[in-house]
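Protein chains: 2
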Amino acid sequence: MIKLKFKTVEWSKNKVRILDQTKLPLKVSYLEYDDYKKLAMAIKELKIRGAPAIGIAAAYGVVLGMMQGKYADKKEYEKRLDSVISTLKSTRPTAVNLFWALDRMKKVALEYEGYDMESRNKRLLHEALLIHQEDKVMCRKIGEYGAKLLKNGCRVLTHCNAGALATGGIGTALAPLFIAKAQGKKIKVYVDETRPVLQGARLTTWELLQQGIDTVLICDDMAAFLMQKKMIDCIITGADRIVRNLDAANKIGTYNLAVLAKFHKIPFYLAAPSSSFDHSVESGDKIKIEERSPKEVTNFWGRRTAPQKVKIFSPAFDVTPANLITAIITDKGIIKGKRMD
Amino acid sequence: MIKLKFKTVEWSKNKVRILDQTKLPLKVSYLEYDDYKKLAMAIKELKIRGAPAIGIAAAYGVVLGMMQGKYADKKEYEKRLDSVISTLKSTRPTAVNLFWALDRMKKVALEYEGYDMESRNKRLLHEALLIHQEDKVMCRKIGEYGAKLLKNGCRVLTHCNAGALATGGIGTALAPLFIAKAQGKKIKVYVDETRPVLQGARLTTWELLQQGIDTVLICDDMAAFLMQKKMIDCIITGADRIVRNLDAANKIGTYNLAVLAKFHKIPFYLAAPSSSFDHSVESGDKIKIEERSPKEVTNFWGRRTAPQKVKIFSPAFDVTPANLITAIITDKGIIKGKRMD
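From first to last, the protein sequence lines stand for chains S and U.
Counted from 1, the first sequence has number 102 at position 49 by the working numbering; the numbering is strictly sequential.
Counted from 1, the second sequence has number 280 at position 227 by the working numbering; the numbering is strictly sequential.
Possibly wrong hints are sitting among the right ones.
To be verified - Okay, derived cross-link-like pairs now, DSS-like style, lysine-lysine, Cα gap no bigger than 30 Å in a straight line:
1. K364(S) / K100(U)
2. K282(S) / K282(U)
3. K90(S) / K159(S)
4. K80(S) / K348(U)
5. K339(U) / K283(S)
6. K362(S) / K282(U)
To be clear, the hints were calculated from the coordinates, so they are not data collected in a lab.
Please construct the entire structure, taking both the sequences and the accompanying hints into account.
Following this line, the structure appears as structure tokens:
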């Protein structure tokens, strides 16, 4: 029903093919990897990003890594498996889907320990494809549940990119918008540009426009103005990790919007697949927050925008406490948040 | 006591000389104008910006405009005066200092109606220099009053640029920081980069580093994270127009910080000279908000960052209601705001 004009990530002829998101929206170009270390670097450098998408890419990365090597025996095979998984795990610390997918890959490899190496690799590929396919289905379901929250004519604010570019399907936060649009509802989407990497400006607007959605780009520091002027009916963002008490880590700036939403009495929704839930962590303050390179802040596509000597603080994510969340849209239904209005 | 290494604006050999702020921090270069229309364009293009600084520049612009022309008689002189003032008034709609300075210039020109044109022009120049000098003194006083609010070791967040580059003296919001530093207090300043024009990244960090202040640059969407982590003790920004009920217009993003400050129980201060108060307007909703070109959002120093077809909404200012303001630091002392904690 919803046709995408691009493929974020795919397994193709024993390679992992990804859309290079650092070049968007100026250029649509694909990269192919047959080396898991290069794929790991691509994840680090945000050529592919978004919690579910990096989970899928990393799962494929395990297959690449195991296909690349030669192993004398089972022991060497499993040693290699640990090393490949460890490299892929070290790329991004905050999103849980990465760890979830890699743990799942490891589990099936170990379950098949009685089989020859080729069979084990086949099993790994099967699992990676399954993770990808399941994500596609989860996106679709998130879209269907989430669309019920969107009235005809509604005006939605989103942050960063939690669309098809962040997943194996039609996205998480954007899925309800795509489905609502396909259902014939009129919707307007305001997109935070999302500094420093501009995923909103570069990626989200690009996806939304492709689906014919009325899209308005703003700078992050303008969102409060729009809420004050009653131009926003609800906020939907993705989530990179939702822990046991429903605190949620997501792209830096999400917590800001959650505070603004509470103040202005606007519903604040997160959208995430089951794979973004981390039941092993009790509360948000335990989530490791990735700090990224100062250059993302001080250099804009190669051009310096700040004095050389200035210090930079650049957390890539923040944690929104459950009591600022109205509801979480998942593939299994809508979970009520703990916000009291 | 506080030595500045640059001059934001000055009257020099019958010309107006300004520091070209669009080139900072990469290049320190000055522009000279002997044509008031070109100066008006420079104000529009943000080569000089900041409420007090554009008031001063516009006052000098009146002198330029009157020196440029030839007039048959008093009537023509005054017609020209109206035309020059009207051009300068049309440059930026939100800051009140511009209108305040131009109204003051007009008033003295009319008071000297009995004099010959050369004497009237001399009187105009005297008034412009006086406006400049008074602003310098007001900045200093704002700094002295404001420094009392800053404890040794405090960590301050600021937005946009309300420093020496925005005024005829040492700034408004930055003045208390400069004075506190000169008094030997240790302070740390977090600076919002302030999209879309990056006055924080380009200008404020540059000024603060010159005075040896510990300066950390962040993106606008990170401020909430810092407040959540208790890394900010107070917020100080400038104000472009403060109306009768103490609602205040300032750079877009200021209202966002005011909401965050209230939520996190952090004092929120504005700093502004008497010339930024507009008693003719009763409440903030009556202030005209300038909308700026979409290109400031979609093009980054000439490079496109968003798809061609995307719509843009770019208000340049927002209004912070008085009930979110802890106090206003002025040259006449500290005015209590209406925020109840």
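Exercise. Mind listing which of the numbered hints don't hold for this structure, in increasing order?
Key: none
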